[in-house]
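K.L.:
Residue strings, one per chain:
2 protein chains.
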Amino acid sequence: MRLLVRWKILFLMLVLSNGVIAQNKLQQYQNVNFSRVQITDDFWKPKIEKVSLVTIPVCIDQTEVKTPRIQNFEIAAGKRQGKFKGIFYDDSDVFKALEAMAYSLKNHPDAKMEKKADDWIDLIAAAQLADGYINTYYSLQFPEKRWTDMSMHEDYNGGHLIEAAVAYYDATGKRKLLDVAIRFANHFNSLFGPGKRDWVTGHQELELALVKLYKTTREEKYLKLADWLLSERGHKKAVGYTWTDWKDTAYAQDIKPVKEQKEITGHAVRAMYMYTGAADVAALTGDEGYMNAMKDVWEDVVYRNMYITGGIGSSGGNEGFGVDYELPNENAYCETCASVGMVLWNQRMAMLTGESKYIDVLEKSLYNGALDGISLAGDKFFYGNVLASTGRQARRDWFGTACCPANIARLIESLGNYIYGFNNNSLWVNLFVGSNTAVTVNDQVIPVTMKTNYPWDGEVELGLSPQKKTRFALRMRIPGWAQGSAVPGGLYNFQDASASNITVNLNGKKIEYTVDKGYLVIDREWNTNDKITLSLPMDIKRVNSRAEVKANVERVAIQRGPIIYCVEGMDNAGKTMNLVLPKSSQLVISKQMVLNESVVSIQTDATVVSISANGDDVKTEKRKITAIPYYTWNNRGAGQMLVWLPQRILDIKVN
Amino acid sequence: MRLLVRWKILFLMLVLSNGVIAQNKLQQYQNVNFSRVQITDDFWKPKIEKVSLVTIPVCIDQTEVKTPRIQNFEIAAGKRQGKFKGIFYDDSDVFKALEAMAYSLKNHPDAKMEKKADDWIDLIAAAQLADGYINTYYSLQFPEKRWTDMSMHEDYNGGHLIEAAVAYYDATGKRKLLDVAIRFANHFNSLFGPGKRDWVTGHQELELALVKLYKTTREEKYLKLADWLLSERGHKKAVGYTWTDWKDTAYAQDIKPVKEQKEITGHAVRAMYMYTGAADVAALTGDEGYMNAMKDVWEDVVYRNMYITGGIGSSGGNEGFGVDYELPNENAYCETCASVGMVLWNQRMAMLTGESKYIDVLEKSLYNGALDGISLAGDKFFYGNVLASTGRQARRDWFGTACCPANIARLIESLGNYIYGFNNNSLWVNLFVGSNTAVTVNDQVIPVTMKTNYPWDGEVELGLSPQKKTRFALRMRIPGWAQGSAVPGGLYNFQDASASNITVNLNGKKIEYTVDKGYLVIDREWNTNDKITLSLPMDIKRVNSRAEVKANVERVAIQRGPIIYCVEGMDNAGKTMNLVLPKSSQLVISKQMVLNESVVSIQTDATVVSISANGDDVKTEKRKITAIPYYTWNNRGAGQMLVWLPQRILDIKVN
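Protein chains in written order, with my numbering: chain Z, 1 to 655; chain L, 1 to 655.
Rather than coming from a laboratory, the hints here were simulated on the basis of the structure.
Watch out, some of these pointers could steer you wrong.
Just so you know, same-sequence chains aren't split out, so a pair can sit in one copy or run between any two.
[Claimed, not checked] Straight line, CA to CA, 25 Å or less: simulated DSS-like cross-link-like pairs of lysine-lysine:
#1 K116 to K66
#2 K619 to K575
#3 K619 to K583
#4 K145 to K236
#5 K224 to K236
#6 K624 to K451
#7 K83 to K256
#8 K624 to K531
#9 K145 to K237
#10 K116 to K468
#11 K575 to K550
#12 K196 to K622
#13 K85 to K256
#14 K295 to K262
Let the sequences and hints guide you as you build the complete structure.
P.N.:
Here is the structure:
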């Protein structure tokens, strides 16, 4: 009964808000959509172009030519004879590539790419069964077994279909894929839900997708369905699970009801997608249960289970979370998709709370753990992202399980989603990315311009130009790292944690400012051509771990701004495992090219242990070494790499 | 038609041989059954007792109390309410424990253990379905799905049932379990076979078990069925396989017909059991096709894919074989069960060919790769057996997949099977184990006594005491290692390969002898109280790998007799990764206790690289180090270990 009342209120809110999806009291602001943000800087703009020109064509080639993913749809569409080939979740890669293409078309219209997308969409539509079901693995092999095994990703694939459909509709106005997605969602809704059959998503994703479908169609049933799917977990309802050994329900966060969860468990990407969906539902339904649970879970992730790169999921065995503080470097799993998921979830947490710490974590995952997943040339990928290598790792063209390439592609193409936020009386600046946008605040359209060489430089110039004087609060994030905090919760700490000098100028004059929830707040009447300049201190920071992280005892990492550094063999006579960075050595910045990427590198004197010519003896000497941004490693061939340098000789191995 | 003729001949042979299973012309000799061999030495006798008194009770406790393996049978027998718990192959652990108990009862009669076995057998018999089917995973959960998925180990479990049943019948004369096994085999035979349904065993084992059942029951159909199962492979007949990702048919040696196989592929234990079964069938049917194929496959194993410990299956990913010569030490998989399988297969190859090289490999796997799988105290186990450790490995009480403990237990209890062989004109001595037996050769019962401190000492005294003069050839193995050959095929080589001094005395006088197929042959009339003394040279050998084995470049291993050595941190100031063994250092033997095990250890001067007190510098010094038998490592706690020592400083790592 109470549930019904809640839904009625929601419906009323929607009607009253004149069709705009209501912001619930739980959500402090909403983000400016990437389609309204023009990125102009020297850091992200070339990366977005590279994804459009290189990465997406790679995804298309792999999906259509080098692997049978599109072929499965051709067979299902009756255009070709043959059998299903591949893995049961391969359809999702087609959808995720389409989603990346949709964002790319918005950033860089391209008739050829759009034609390719339309061709794929025709196949997908033709492959859909009359009742709305779509999944080539089942429909081509054993259609009678569909919806019998919750581990088989029918839901996950469907979620990515919906995400692609919404993105493509937004980008092009074309409804064909959206209609496929709606038919699929209606089909699912006809089978599952209160009073119908139970369903526990085996790989969460459909939840967040259904919220997107709700926002696009304004059909309340999809939001209800997302909420219901979340409520299905934690009641021992999972059935099937023939695919994996992971019958352990912690693997898919199914051990407790979502609202009772306090600790992070299991598969990292599943967890991130689930909490993203839960945050989306909470924002729209006003359900504080999700939020309360997620705050605890988030602390468990960030305080005890996150790498300094923002990577999560330390264990390859479950592609997920292990024991608290067990964060091995050489065997770090840190799936690229999990870092993408961290960006998604933390954005939602930030909007729900208005607190900057979520963006601090988002920024860390984005510039380090996620960005490391794609090569500088845009054509090779890491599935996992280690923090130390003896040379075994190499970026790869593609993967049997190919979730990561299109995932990092869609993230970079939609980067504009993460920069600005707004509500009716405030403008949020979350990330520092040179860009232009226009945001409606206090019923006025405010043109906004940001100029910066971030992350290499801490100067950020923000231009606000309302046509007429308009009062609103500008809320610009002061990154935690600029205030002496390496991460929320103290898992990592700066050796020198003294607060640095942050200055803010308004129209050329230094001003005092207040800080609220991690944001500098300037609440005033803004005028045409107002300029705010934020200067963030770009000191080089030595970072230590909490003692509980055994892998990092007596070790130091290097950070500057949001960028985590590593030493790579390439810059250091081929070896890094023989380097010691004493506490006393001076760290200085330098400019360097890593392939075509112009970066700030860091130089310092290290203790280097090396072998005598005859192999009988060892010696110790001082030598200048170079650290490069972590995300740029393994772009000049495979070799040794190290993020956490020993501060003294910790061990000695001769073989 | 020709097949029929062959079977008729076989049947005729059986009839003519007066009930004794005929030796086919392909088989040069047969082994003396362990039940007729009394082991008396200081090496194996205590180990066999430990298995009876410690290991088997551990297996019983784990199977019955700590895990629900017996409970599943109780439920299936209707003695208890509940659901199946565990993994679909858990039944096999019950059977394998029973098989070990059967051998133990023969070695050490124990009424309490026999009562336990009888209780289990009652449960198993009550759990069998009316039609002979038995498998608690299916019968308790989805009996309608039985025999639909060849990967689900119904065949494998059934094979271990048969092995246990035959062993228990041999040990006790009790038929109850044998009758269960016969009903199961008849049930399987009613469904599968020529003109009936196809079946490709997903985990080979049933083949060799059916040969045992044939030998016990003399029912030809079981031998036929084993032969037919082997002939099913390599024709793309496998169906089901929902369990694993390993739809790749190479994993289960199903890519080619067995008789066309030339290379070793896939899962190591599956391969060993299959070739053991194929050898058993070949010995009885005279089918040279299996033998020709297996000779090539064996060379592929021993020449390119075997560790110096006799361990096989280098790769954890498939629990099996990888790329030729890719034999990583720290990540060696080398499953204990695969070494057990090497013992089984090589015994069959030796009996088929009469060549000693197979026993050389059997001995290597037995004393090193297999024996390492069980702790000196008999209560802890290794599933995999690495050849280098930074301290991560620890022997464990039990495993989720618990194939190894009972497997090594049954091998040790049945060790007597591998010592002696005979045909009507020859007596074979394959292994040097202090023991007594009586063998019928040339229609005379020949009492045989062997005395030796092998493997620590190379003196072997063999006493033959026929009641009357009897002519036969004594064939005593001259180990390859005593003739300068580290392994057949040259994958490993002694640095000093000069042949050593082997002497043979007959009744106190040195005699000349001839060598045939690796055996010293003394063909004469033997008399009461004849004594032959074989003196094998126990030089300490430095071993190198072929250059193709990248993991061992510029490294040396130490061998003495059949024993491979390792250095363990425990004896060497806690560390082994900082040790270099220069070519010039002298190796000398020493006596040492490892826990309660008295062993010959080896001492030498090493180059030791160590860290200065303040952690800023390193130094190099000479220090005496100790190497212990590989099979004894990790019995005094976890720590570093190394089999392949560098001969110079190969690398330098400080963290």
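K.L.:
None of the hints should be skipped; say for each whether it holds.
P.N.:
Results of checking the hints against the structure:
no. : hint         : in the structure
1   : K116 to K66  : within (16 Å within a copy, 59 Å between copies)
2   : K619 to K575 : both (15 Å within a copy, 20 Å between copies)
3   : K619 to K583 : both (20 Å within a copy, 22 Å between copies)
4   : K145 to K236 : both (21 Å within a copy, 23 Å between copies)
5   : K224 to K236 : within (21 Å within a copy, 47 Å between copies)
6   : K624 to K451 : neither (34 Å within a copy, 66 Å between copies)
7   : K83 to K256  : between (39 Å within a copy, 22 Å between copies)
8   : K624 to K531 : neither (41 Å within a copy, 74 Å between copies)
9   : K145 to K237 : both (18 Å within a copy, 22 Å between copies)
10  : K116 to K468 : neither (45 Å within a copy, 92 Å between copies)
11  : K575 to K550 : both (23 Å within a copy, 19 Å between copies)
12  : K196 to K622 : neither (71 Å within a copy, 77 Å between copies)
13  : K85 to K256  : between (36 Å within a copy, 21 Å between copies)
14  : K295 to K262 : within (8 Å within a copy, 59 Å between copies)
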